[in-house]
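A.B. asks: Residues per chain are reported as follows:
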Amino acid sequence: MDLPCGTRNFDYARDMAVLRTKTHWALFLVLLAIVFTMPLYLGKYWLGVSNLIGITIIAALGLNLLVGYCGQLSVGHAGFIAVGAYTTAVLAGKMGVPFLLALLCSGVMAGLVGLIFGLPSVRVKGFYLAITTIAAQFIIIWIVNHWSAVTGGFVGISVPPASIGGLVFKSEASQFYLIMVMTALCILFAKNLARGRVGRAFVAVRDNDLAAQVMGINLMYYKLLAFFVGCFLAGIAGSLFATWVGFMNAENFTLADSILYIGMVIIGGIGTTLGPILGVVLIRLLQQGIIFVSPFLEGAFSTLPAGFTTGIGPMVFGLVIILFLILEPRGLAHRWILFKAAYRLWPFSY
Amino acid sequence: MSRKILVTTIVLCTVLVLAMMPVFSACAAPKAKPGQVLKVGMMNPATGPAAEKGRPMMDGNTDGIKYINAELGGAGGYQVEVTLLDTNYDTAKVVTIVKKFMDDGCLLFTTASSKEMSAAMTSANNEGFPGISCFSSPSLYRPSKHIYGQTPDYGDDALAFANFYKAKIWKGQGKPKFALHLLNNPTGYGARDAFKAKADELGIEVVSIDEHAATTTSEMESLTRIKAKNPDVLYISSTPAPTAIIIKNANELKLYPGITIGCGHAGLTKALVDLAGASAVEGVWGAFPMVMWGEDVPGMAKMTEYCQKLHPADYGNMDYITSWAQSLIVAEILKLAVKNAGYDVLAKGDAAAWQAVETLGIQKLKNYNVAGLQGPVSYTAGDNRLTKFNRIYQIKGGKIGSPSDWVEAPLVKYEEYPWFGK
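In order, the protein sequences belong to chains Y and S.
Per the working numbering: the first sequence ends with 350, consecutive numbering throughout.
Per the working numbering: the second sequence ends with 772, consecutive numbering throughout.
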């Protein structure tokens, strides 16, 4: 990490710390204060949007570990999220398993299913791997729709609110705290994994798997580990989504969502921990904006054919991806690094 | 002398009128102060995969509220302020939108489809926030909580059509054989559950149940299987695009004409005729809970005027009528709530206001005629379908017409069947 001029580290532990200066700590505490006081000044709607953002960040972090760090393209992420969501629905809703255990089982179950669909990654990569992960999306959703005795089928399934030791997370504010704590833990996990031995092995596999193997990295182990970890986080996100939304069916986990997750990671900055966070925040807020803009445009341009705003959402999403790929292929995270560098050097940015 | 009596009488009458004015004004609709409005949240899938229904429905909602505010003076003397949002037919968006409605102090909310209401109902039921769905399935309110159906549900369609078929069309002996082709969501499953519960009682035999997706492009394979079972009726509960494909395929397989085809109300719209072609759907029957365009009912002239002025492309679309009627019902509910609870209770837009709207507005509805646009609206305890009346239509010459009399759909207590919701 770049440090301000004159700041030095005197030991390894400090060099490896995520927060290394007093300014880092101060900004981190301010961020925590802002985030955890949000229920005091935000209504249910914005808390709901924040909850959705938090859940999506966890899922995107998993995809980023898989695609961004390890280079294993997955187009079935929504399917893995569905595995986690339905595991919680069945365990907590039908079998009365405590929420925390159900949450953990959701992650493990999604991770194991990810392992199965990750097996082809040992032999194929790139577009071929993308196709095998698309198969995961279709197969998982088919099972969800047709195993109706367990999943509720096309009609859907109710999920009780999360509860820990008698504390029920039913209100939007209480769910917000649960989701934000889980999001923070997942960010810390992803950050530490990415900058440790495993993360370095992922990057080596991504950049040149042949060279990585020559250096002694076990390709099969690390590729499958990436699938397990990426899908584990997807399962955690699915579990939280299930308890947050309260009622779900397979339509919550479409192929379009899987593509959207990839878009979020690209826009945010692939291969960075900060990237998925920024990408998710931008895309989810854009989606909310479109909800308001669409009817407004229909009303403002009433002379145009009715329904001309149909498709404005996908158009904006596509346009944002195109613009980022052309103008800032390294995503918002890179733009943030440039901004910080310019800010540190201001006004002497030579 | 007579002049003196006349003057005295006039003076007395004037004094009497002046004295009674406060009483008269108290009886009249309350006068809203500036800024005093009644807030309502309305969501529609105006974009996305169900836009062919959602866009005209959003127009119908908007135009209906404009009419209510401009010509009826609002609801109970207060202007109705609508937060109108597009769901994109995306359940994740619906979950946040319903929370926005609560934050904005809306007194109730509406959705167009059963899918949207399925996504919204958990939050709404948890908070006691009343909602009304234009189109609904039994799973939304069996058992009943805070969600209401504006029209009879997809199960009611199926039973109304089956009853009509047996009484007016069936000429054979024994039990008529029904083949079901159902959309793989609550639209289809509402009909499936109805047949499952009542087929024996109705004296019909269900010979096959097939499902299709909203994105289906061919149903030749399923229809070939159905044809082998030699049904008398093919009943389709789906949206217009898949219904059109199924009927076109049935024509290609020479399955139809030769049998009777019936549709649920989600599929019976102008879009079905446009998509399938007039000749393919000639003679198809369907249930629909609204009147047709051009019928001689009290509300038709104003609705037509507003539609042609503001959204002429929607003229002839029956979904527009449904959501226009929904706006009228919302205004009636608010009017009752103002009358029974007072504006001050409603102005807070909180849980107490929602309870007041539900118990003193929705649950006080009694034979409201919705300007004749649909069957009368009443609340019956334990039955959250606000209207129980359907009509059976037939497509002739590319037009949906020949309506039957209003048919009342009996209450089916699905929750008492062990298989319901499993």
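Treat the hints with caution; some may be incorrect.
[Claimed, not checked] Cut-off 30 Å, straight-line C-alpha distance, at most; resulting in silico cross-link-like pairs (DSS-like, lysine-lysine):
(1) Y:170 / S:548
(2) S:652 / S:714
(3) Y:94 / S:763
Since the hints were derived computationally from the structure, they do not count as laboratory data.
A.B. asks: Each of the hints needs a verdict: does it hold here or not?
C.D. replies: Hints, one by one, checked against the model:
| no. | hint | in the structure |
| --- | --- | --- |
| 1 | Y:170 / S:548 | violated (38 Å) |
| 2 | S:652 / S:714 | holds (26 Å) |
| 3 | Y:94 / S:763 | holds (23 Å) |
The structure fails to meet hint 1 from the earlier list, while all remaining hints are met.
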